[in-house]
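Using the hints provided, position chain G relative to the given structure of chain D.
Quick note, the sequences are listed as chains D and G, same order.
Letter by letter, the first sequence follows residues 19 to 292 of this note's numbering.
Letter by letter, the second sequence follows residues 19 to 292 of this note's numbering.
Heads up, some of the hints might be wrong.
Identical chains blur together in the list; that is why a pair holds if it fits in one copy or across any two.
Stated by the list, open to error - The list that follows gives simulated cross-link-like pairs (lysine to aspartate or glutamate, DMTMM-like), each with its CA atoms no further than 25 Å apart:
1. 225 <-> 249
2. 225 <-> 241
3. 225 <-> 250
4. 225 <-> 32
5. 225 <-> 260
6. 98 <-> 260
7. 160 <-> 35
8. 160 <-> 189
9. 38 <-> 101
10. 271 <-> 189
11. 271 <-> 193
12. 98 <-> 46
13. 225 <-> 267
14. 168 <-> 241
No wet-lab data here; the hints were simulated from the structure.
Number of protein chains: 2
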Amino acid sequence: MHIVGELINSSRREVNEAIKVRNAGFIEDLAKRQANCGVNHIDVNAGVFLQEEPAILSWLVQTVQGVVDLPCTLDSPNPKAIEAALAVHRGQAMINSISLEQERYHALLPIVADSDLKVIALCMSDGGMPSTAEERLRIAEKLIDGLQQKNVPLYNIYVDPLVQPICTNNDFGVEFLNAVEQVMSQFHGVHTMCGMSNISFGLPNRKLLNQTFMAMAITKGLDGAILNPLDEGMMSTIRAAEVLAGRDEFCMKYTNQFRASNHWALNNYQLRDR
Amino acid sequence: MHIVGELINSSRREVNEAIKVRNAGFIEDLAKRQANCGVNHIDVNAGVFLQEEPAILSWLVQTVQGVVDLPCTLDSPNPKAIEAALAVHRGQAMINSISLEQERYHALLPIVADSDLKVIALCMSDGGMPSTAEERLRIAEKLIDGLQQKNVPLYNIYVDPLVQPICTNNDFGVEFLNAVEQVMSQFHGVHTMCGMSNISFGLPNRKLLNQTFMAMAITKGLDGAILNPLDEGMMSTIRAAEVLAGRDEFCMKYTNQFRASNHWALNNYQLRDR
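For reference, chain D alone in the conformation it holds in the complex (with noise of 0.2 Å):
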């Protein structure tokens, strides 16, 4: 499981204070928090700050690589603001995200053509959110073959399927899973990637659906995530149902991390109670 830790976004009022400040101290914290956590990108965002944009992204990738030894995510619609934070980036960075809207799509895919970035494509287009798994697969068809026809290879780029609230619809639960099933089966090597929280919006216990979902996903072949690497819950759902999906070989990443999180104690007592 690709694991992109989303805390360091300007949108969240304490990253953007620290932001304001130049609190370096504060963001590296974040950074190492969620790189202790397991996460393989750390997510870089500086979108609030428009015009300071690419001056931002550039000081929270240099602040986050100063600290932990990850690539970043840049989380940004604004090549300006990419093409600073790649010049100071250290490794594979992934780009968050290209989708099939015209503006965002051109602005972008010179930036991915020909390089060795990570992208990850997000199943929108000009023609408004996509509402069937037939819907979302249409725009990664397009999102992957002009992606391809650029040089970027399959294994580099994380279609996301676009999680939309269940509360909405009843059926925008399974439209997802198929839409990531049908993009794993008929692209061979592609990976998947979405955040989950959208599908709880508007009910309550949303966490216990979110996690419940990333199960669900898991089960169609979902390999991305960016979530908040903190959330114990959500972390130890997806190992274990990546131990469940056979994809953890004699459950040592899961084990692991059951020492790890020193959860004997809990263990015990639920052995005892049966």
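Frame of chain D, contents of chain G only:
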């Protein structure tokens, strides 16, 4: 989701002791508490009492149905015990379970033949426990064929593909899940049903694995389960997975259960926590 409450089982120490002294109050309490959780059938098992099994299974049925308006799942391979229990049972009982093991098969087939009984068809044969989805499907096909020849309709058959411990073989999860999917798609109208807890045998944090595997199995179409309905984590996971699988119109069951279980405080905490 068709849920069978599993707690009235003579292999559990407290139930065993209650049965020995015919402590009806203990059994009644277990029946009422399970009924309050919304189960569809209440499993009764008197297997450890051997010669006394027919008399005790009948007593359990009468004791349960004296206080709750639910049918029972008669959990026995012994046709005499099942016949004695059926003689006093009200409503549509379920038999747990027929299998392709020849002794059990020939003992139970005459009981379900030409009846309106529901029956669990366990994917087990004298050739041992199946490993792959294909082996499970082959047994399921024979069981379904044999039952249909005896006029048992598909909608009364609950195929149990047999959960096996993931720690003994990393593929056991996927093979089980694929069996659920294949049984549900090949035999339109049939049900699937299982106990989950074997999946996590030998691993830490078993409840997490069991719940996660339940969500994964529901993704593949599982529509029945034998479980401890007092396990709030498991029951919440099932309600969440049913919403997300599009099986809960307007999310009504989910939101009603949430209100009933007084989790608002938890939810408010989580909303603040975002």
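Verification of the hints:
no., hint, verdict
1, 225 <-> 249, "both (9 Å within a copy, 18 Å between copies)"
2, 225 <-> 241, "both (20 Å within a copy, 23 Å between copies)"
3, 225 <-> 250, "both (11 Å within a copy, 15 Å between copies)"
4, 225 <-> 32, "within (22 Å within a copy, 35 Å between copies)"
5, 225 <-> 260, "both (19 Å within a copy, 15 Å between copies)"
6, 98 <-> 260, "neither (38 Å within a copy, 45 Å between copies)"
7, 160 <-> 35, "neither (39 Å within a copy, 66 Å between copies)"
8, 160 <-> 189, "within (24 Å within a copy, 34 Å between copies)"
9, 38 <-> 101, "within (21 Å within a copy, 77 Å between copies)"
10, 271 <-> 189, "between (33 Å within a copy, 16 Å between copies)"
11, 271 <-> 193, "between (30 Å within a copy, 21 Å between copies)"
12, 98 <-> 46, "within (24 Å within a copy, 71 Å between copies)"
13, 225 <-> 267, "between (28 Å within a copy, 20 Å between copies)"
14, 168 <-> 241, "within (24 Å within a copy, 46 Å between copies)"
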